[in-house]
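Protein chains: 2
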Amino acid sequence: MNAFMPPTRLLMGPGPSNVAPEVLAAQARSTIGHLDPDFTQLMELIKEQLRLAFRTVNRITFPLSAPASLAMEMALVTLLEPGDKAVVAQNGVFGGRMADIARRAGAEVRLVSCEWGRPVDLDAVRAAIRESPEAKLLAFVHAETSTGAWSDAAALCEMAREAGMLSIVDTVTGLGGIPVLVGEWQADVVYSGTQKCLSAPPGLAPITFSERAVATAKTRKSPIQSWFLDLNLMLGYWDGEGGRSYHHTAPVNALYGLHESLTRLLGEGLETTWARHLAAHEWLAERLQELGFVFVVEKEFRLPQLNTVWLPEHMEDAPVRRRLLDEFGIEIGGGLGPLAGRIWRIGLMGETCRIENVNRLADAIATILPQRSRATTLRCNQIERTLNCG
Amino acid sequence: MNAFMPPTRLLMGPGPSNVAPEVLAAQARSTIGHLDPDFTQLMELIKEQLRLAFRTVNRITFPLSAPASLAMEMALVTLLEPGDKAVVAQNGVFGGRMADIARRAGAEVRLVSCEWGRPVDLDAVRAAIRESPEAKLLAFVHAETSTGAWSDAAALCEMAREAGMLSIVDTVTGLGGIPVLVGEWQADVVYSGTQKCLSAPPGLAPITFSERAVATAKTRKSPIQSWFLDLNLMLGYWDGEGGRSYHHTAPVNALYGLHESLTRLLGEGLETTWARHLAAHEWLAERLQELGFVFVVEKEFRLPQLNTVWLPEHMEDAPVRRRLLDEFGIEIGGGLGPLAGRIWRIGLMGETCRIENVNRLADAIATILPQRSRATTLRCNQIERTLNCG
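So the protein sequences, as listed, match chains A and B. Here the numbering used here = 1-based position in the first sequence + 788. Here the numbering used here = 1-based position in the second sequence + 788.
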């Protein structure tokens, strides 16, 4: 059988984003043992890099050896015990996934359904918290990958804290693209993924736990339902004092890649990276609006790294995206759930986030768009412009 | 921060094993989207390669996007519902982990404690099955990575089947090193890891489900406790008919590597690979016995790919292994659990499994061993030669 030679793609979907050659090269260095003293040093370096990236001093900060969906699961099953109550805000696919996981963990979920394409509604969450004074935590998505909406994590974490609740923040698409200020927010569990603005290959999920969160895990009445996600067991591996104890085998080469991608991120500087994302986003918005596209999310709540636009009327979703892929080598994303076939998701994440890439995409779309549509406002495929899909 | 440059190691521990340059190079190819049509083709290729490696025609055969510990968890939480009974054989660390996971899933576990360093005791399992006629499944470890013992998977699966029970086979260390005959065994869920005899970097876990197992998952009364491990959701991603649906983001580059490692395995041919493991093992046994070492496992039950020997008396464990690492660049493994400090685990897995590597290790050990010990039978640190650690 021949070797698999992937085509060259400009990855402008909702992730993975393009990976720098330096990160790919790091992944290809020779594998060493996961208990090797050199590897232990690398683990410590990565933990410290992640603290800097998350803007936290949380001791328990590490990359989970699995996709971000499992970090979501870890956050919830660590803090929730059967019978606990949780307030979960949903303004897209991923808030719904949080609620699903919380219910599977035996929790009673008070779902706050918000409009898709808008940030989490602060008033609605405030009301839900008031009506659920015994809830243990508030969980929400900071950067909704399914809609491109940016929620106010600082305000939501504060609300939770004032009500004596813990907070879980999903910022899979956020980290490295917009400010993620775990310390300032005083958030309790925050997780991300590697394949979005960190521009490392998919497969790992940085996660950080506050001292309150760790204490909650340590004083549970019932065991955590998952052996693999049991923080108390995993601490011996990632935070072993006086020597690490075996838990599972960490994905050694993937961690080489993550280390290199974090080195690049921190070398550029978080503020500079955030500014780069904002600038590229603004240029993309200008180019897309010039072509007649209408954004799903209101200007002030748009994630720079994940741009959603309504599909022009009469423009087919999948065939056009396929043309972008086949003729121009550019991947963009379609909608998820109730937004499938109705929106496009255009990522400007990490390495992908460059002005020349914005131009490449806009030029390609201009070539594909029917002439009559150009330079006029397209009538969009938006029977309801604001959606309540909850 | 400087790039991380791993040292060059000969990996002769219990995994990871050495990774071929071709596999490392494959991992470094450019990342593409996980929903890219080219990636979908790769997924199909890998599924077919895994079927060949597992010797099965099971339709539902795929690499889980996580370490093998999570495949263990997937096997158990898929088949077990709260209140179910399970017979779990334990003859080392990993059987114990299975029992732990089954209990966390709400199952009642009938643990069959067997001697560590010996295969699963067929009579004891037969008796346990007889006494637990209502048990839903039998779970056991085919190739115990903690002791090096090789259990009779064919006989155990048959016992389960005859009792109307499902079977779960952990062959993390088995696949690619010794015969894993899923079809012939009629096993129900079988899983492995990539970092042992497949010689791909750690991080993925090949798993296969019989039709009975899939039907059991589909007809559960209660939802699977884990969202990520819910086979019913994952099937849409790995087995989508008429198009794949988003579940999580697969670790794209790691899968490039797995594909390449499977291409190498199947290119060599399974029988040839098994024979290579056996030959290297026999040579290692000769060299080690010449140096006075005593094997933990009786000859007929030794895993060729995972050799365990008693530590010579007065030989310190960690310092000697550290010398092997620092002075000779060779990693071997220490014992786990009650065997920590008492045995060494020497892997001959996949790429590592070559006569020249056996010689390199034996020569290095000969250099380190105190002169007086050589060519005599070492008195070993074995207060009890057979252990019952259950």
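Calculated directly from the structure, the hints in this document are not laboratory data. Check the hints yourself; a few may be wrong.
No distinction is drawn between identical chains; accordingly, a pair holds when it is met within one copy or between any pair of copies.
Unchecked claim - Mimicking EDC-like on lysine to aspartate or glutamate, the simulated pairs with C-alpha atoms at most 20 Å apart in a straight line are:
1. K1006 x E869
2. K1009 x D888
3. K1009 x D909
4. K873 x E950
### Task
Could you tell me which of the numbered hints above are not met by this structure, giving the numbers in increasing order?
3
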